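Number of protein chains: 2
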Amino acid sequence: MNVRLTLRLLGALLIFLAGTLLFPVPFSLYFGDGATAALLLSALLSAVAGATLFFLFRTENELSLREGFAVVSFSWILFSAFGALPFLFSGTISNPIDAVFETMSGFTTTGATILTRIEGLPESILLWRALTHWLGGMGIIVLSLAILPMLGVGGMQLFKAEVPGPTADRLKPRIQDTAKLLWGVYVLLTMVETLLLMLGGMNFYEALCHAFATLATGGFSTRNASVGAFDSSYIDWIITLFMFLAGVNFSLHYHALRGRWRDFWKNEEFRCYLGITLAATLLLVIANQGRIYGSLIDNLRYSAFQATSILTTTGFGTADYEQWPVIAQYLLAFLMFIGGCAGSTGGGIKVLRILLLFKHAHVQIFRLIHPRAVRLVKLGNVPVNRDVMQSILGFFALYIGIFVIASFIMAGTGLDLVSAGMSVAATLGNIGPGLGSVGPVDNYAHIAPFGKAVLILCMLLGRLEIFTVLVLLFPTFWRK
Amino acid sequence: MNVRLTLRLLGALLIFLAGTLLFPVPFSLYFGDGATAALLLSALLSAVAGATLFFLFRTENELSLREGFAVVSFSWILFSAFGALPFLFSGTISNPIDAVFETMSGFTTTGATILTRIEGLPESILLWRALTHWLGGMGIIVLSLAILPMLGVGGMQLFKAEVPGPTADRLKPRIQDTAKLLWGVYVLLTMVETLLLMLGGMNFYEALCHAFATLATGGFSTRNASVGAFDSSYIDWIITLFMFLAGVNFSLHYHALRGRWRDFWKNEEFRCYLGITLAATLLLVIANQGRIYGSLIDNLRYSAFQATSILTTTGFGTADYEQWPVIAQYLLAFLMFIGGCAGSTGGGIKVLRILLLFKHAHVQIFRLIHPRAVRLVKLGNVPVNRDVMQSILGFFALYIGIFVIASFIMAGTGLDLVSAGMSVAATLGNIGPGLGSVGPVDNYAHIAPFGKAVLILCMLLGRLEIFTVLVLLFPTFWRK
Ligand SMILES: [K+]
Ligand SMILES: [K+]
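Chains A and B, in that order, give the protein sequences. Taking numbering that gives the first Met the number 0, the leading residue of the first sequence gets 0, the next gets one more, and so forth. Taking numbering that gives the first Met the number 0, the leading residue of the second sequence gets 0, the next gets one more, and so forth.
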């Protein structure tokens, strides 16, 4: 483990963070919201800390596996610490643990908030809050499609060959090239959504904030009532569409933009994801029709929005789904565990892994009936390596294990059974709103500080595919 | 698939069932409870049905894999159908689906009841109810230690070499010899517990019923308030001890009786099971002390009883744990999924599989840090075959998958979130009482008929290690 190189890279990333902290400054000046100084001071502190690390630890070594893991985990942690400064300096959030919760929730694209009232806060601070989502989403795309496949985490090895960019085995050039190509797609989709939302009557500032939060499947809104506040069928459907797109593997978008549209349909995970979205919408429509919504058009609008919002782990709301029938709530809780496609900005276990788990179970049963037959799990027409399958099964077991243990701890902080489980499901899966006392019209302010710390860890674990964080806890990781 | 042989064997088993239906007859005559005719008629019908199958389908073929699966699944189904007759004929239960629920709950050692009042029912019928547990437990011991290892189900292959009896590869002689040895242990433990309970003041009839229900980790009691009705510290501790013993792999008991006491401690699963029991008791004591129980002695008695009762999936009750702190309830819900040791009469996922899942996750993380190192999952000092590990991972994924889907269906029948999830956890894990509206002081009477059918299937799936039942749903299973 090369600590110098790790610290140097983290320094460079902090300097980058300082730059992004300047982005909301013009908005602050335009709105005269009084948060300019807070943003500038935060940027200055980040830049100084980053430059110190960067220039103090010079090294010529190449990036290897272990530094990869360390940089990834610590960059999310450092970003959440320095990214929390504008909230504290502007007086928006007074408590440091709350500020770190909100920022980690931003960078992990979770969207769980401790703010009880959002409207009336400084516009530039809310923009920064939405920007943390968007930056986190950028990080996740490159992490899941360029870094994790190399590190061999949780089955992401599957993407080694599929992702655009050179297939060089050295970590650095590949990461850079892949990142550039995919970020182009990400920026383009953000711009298109911003424009479309403005056509629906949103101003530029709100359109931008919501586009940031959509593409990152983040879910922070500028309104207390989330997307529901705009009360526009057009806006709901645009956001439904872009949430769906944000939940798709970004290399498919890249291929599509280069004219290979058919790749969508050829991709088994995409077909499965589309199927789940449509099936979940249909089930919600059936559960709600006549009971919650009289008009089928309204029902479809709200049901499709919520199914997509939860499945993609965005967490935007247009309805208080805790008023829906229990079976609808159960379905939403179920979707929280599935999540988006691998290589998207969505969280959860991921459609790919769920799909392969089902295929694995199917093959297991087949082998019981035909003990001498050889049958492998296949994705598309390609057999899935047994090591990859073992990673995925291990990931699933760990995900459930962490869910169980963390829910248990949350129950110890005084939450009821449903809230304890759902607060963990909603943070570990990077969704945001859950059920019970952390439902769609509630927030996380009431949770005890220790409980907030547990949920912060859940957000980090979930976002970084668990293994990336857990390896750091092993003593052998730190040995030379 | 040899249908003739399957039907012939099922016929033989039905004749055996007819014999067991006569067991409560002397009790019926002694108590004059009026259920003698109901028992005799049920025995007659079972014998006639069994003899018809047995003599109609003569065949000289040897038992093979597929008939093994079919006989196992259909024997539980047929036993639940014919075993329900005494409830119906005696007028104890008027509705056939309720009667089948109660009987399946008995034979699968689940102990979930649809009876709202137990005291006052004919003694011989309650004895039959307890006997279904005991017979189910006998079936499970031979199933898990002699049949499933041969069929290769859910990691039980691990036991191929460990189990007493000849190591012949042909299914029939091995099953018979293993069964005889292990049933000896089972009968002995039942007799000892019956005696010890009688020393605590129970009459022979109640002692026998509770011993049947303990050794099978079943949980049916002869009292409305379960074991709590006896209000005896001695009885509580005796039952705690025997529930614990019933949750241990019966081949360890067999070795111990032959003087190899140290095998308990050498067995990694046993150490883990003991550790979980002690840790869960300690956590419950901490959660309850001062809040629920003032005296530490009382606290220990009730906490140890409940921890053991739920972990071993017995489901006896001495306290209404829904009045305990939420964290205590959460812990109990968590224990429901773990269950007893493999090769015991306990249900759930089994300690062995949970242990191997943790080891697998550990190895996965190790391999991320040391990609070139070779490290296998080991149990004791023996490496676990990768096929076995894949079975276990597949089992876990299926268990969770079935839990999720069945809970979803239960939510559709009108249960609240907690009751929907916990009714499935408590039946799939063969525990009996859950939380919510199926808690320790409630019962399953209020569940809709369709919901009861779903839970009947859950009991069967859980008890037969899922795969055994699922193979029957594959068309290729039925082909020549
Ligand atoms: K989110
Ligand atoms: K039970």
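Please note that a few of the clues may not be correct.
What the hints assert, rightly or not - Calculated cross-link-like contacts (lysine to aspartate or glutamate; reagent style DMTMM-like; alpha-carbon spacing at most 25 Å):
hint	chain 1	residue 1	chain 2	residue 2
1	B	K377	B	E267
2	A	K358	A	D230
3	A	K377	B	E267
4	B	K358	B	D386
5	A	K179	A	D262
6	B	K377	A	D319
7	A	K358	B	D262
8	A	K358	A	E321
9	B	K358	B	D262
10	A	K377	A	D262
11	B	K358	A	D386
Said to hold, decoys possible - Computed footprint of chain B on chain A; a stretch qualifies when at least three of its residues, placed anywhere within it, have a C-beta under 8 Å from a C-beta of chain B:
hint	segment
12	365-377
13	383-390
14	403-412
15	415-424
16	459-471
FYI, nobody ran anything at the bench for these hints, they're computed from the structure. Values in this document were obtained by computation on a predicted structure and should not be read as measured data. Where a beta carbon is used, it is the ideal one built from N, C-alpha and C, also for glycine.
Starting from K358 of chain A, check that the Cα of D262 of chain B is at most 25 Å away, please. 38 Å, violated
Does D319 of chain A lie within 25 Å of K377 of chain B when you go C-alpha to C-alpha? 49 Å, violated
Please work out if K358 of chain B and D262 of chain B have their alpha carbons no farther apart than 25 Å. 21 Å, holds
Is K358 of chain A within 25 Å of E321 of chain A, Cα to Cα? It is violated: about 33 Å lies between the C-alpha atoms, which goes past 25 Å.
How does the segment 403-412 of chain A fare against chain B when you require at least three residues with a CB closer than 8 Å, holds or violated? holds (count 5)
Next pair to validate is K377 of chain A with E267 of chain B; report whether the Cα-Cα distance is within 25 Å. It is violated: about 35 Å lies between the C-alpha atoms, which goes past 25 Å.
Mind checking, does the segment 415-424 of chain A have 3 or more residues with a CB under 8 Å from chain B? holds (count 4)
Does K179 of chain A pair with D262 of chain A here, judged by a C-alpha cut-off of 25 Å? 21 Å, holds
Given coverage of the segment 383-390 of chain A by chain B, tested with a Cβ cutoff of 8 Å and a minimum of 3 residues: Three-residue rule met by the segment 383-390 of chain A, so holds; n is 4.
Check, residue by residue, whether the segment 459-471 of chain A contains three or more positions whose beta-carbon lies closer than 8 Å to a beta-carbon of chain B, and give the verdict. holds (count 3)
Are there three or more residues in the segment 365-377 of chain A whose C-beta lies closer than 8 Å to some C-beta of chain B? Coverage by chain B holds for the segment 365-377 of chain A (6 residues, Cβ < 8 Å).
Given the hinted pair K358 of chain B and D386 of chain B, is their Cα-Cα distance within 25 Å? Satisfied, since the Cα-Cα distance of roughly 15 Å is no more than 25 Å.
Of the numbered hints stated above, those contradicted by the structure are hints 2, 3, 6, 7, 8, listed in ascending order.
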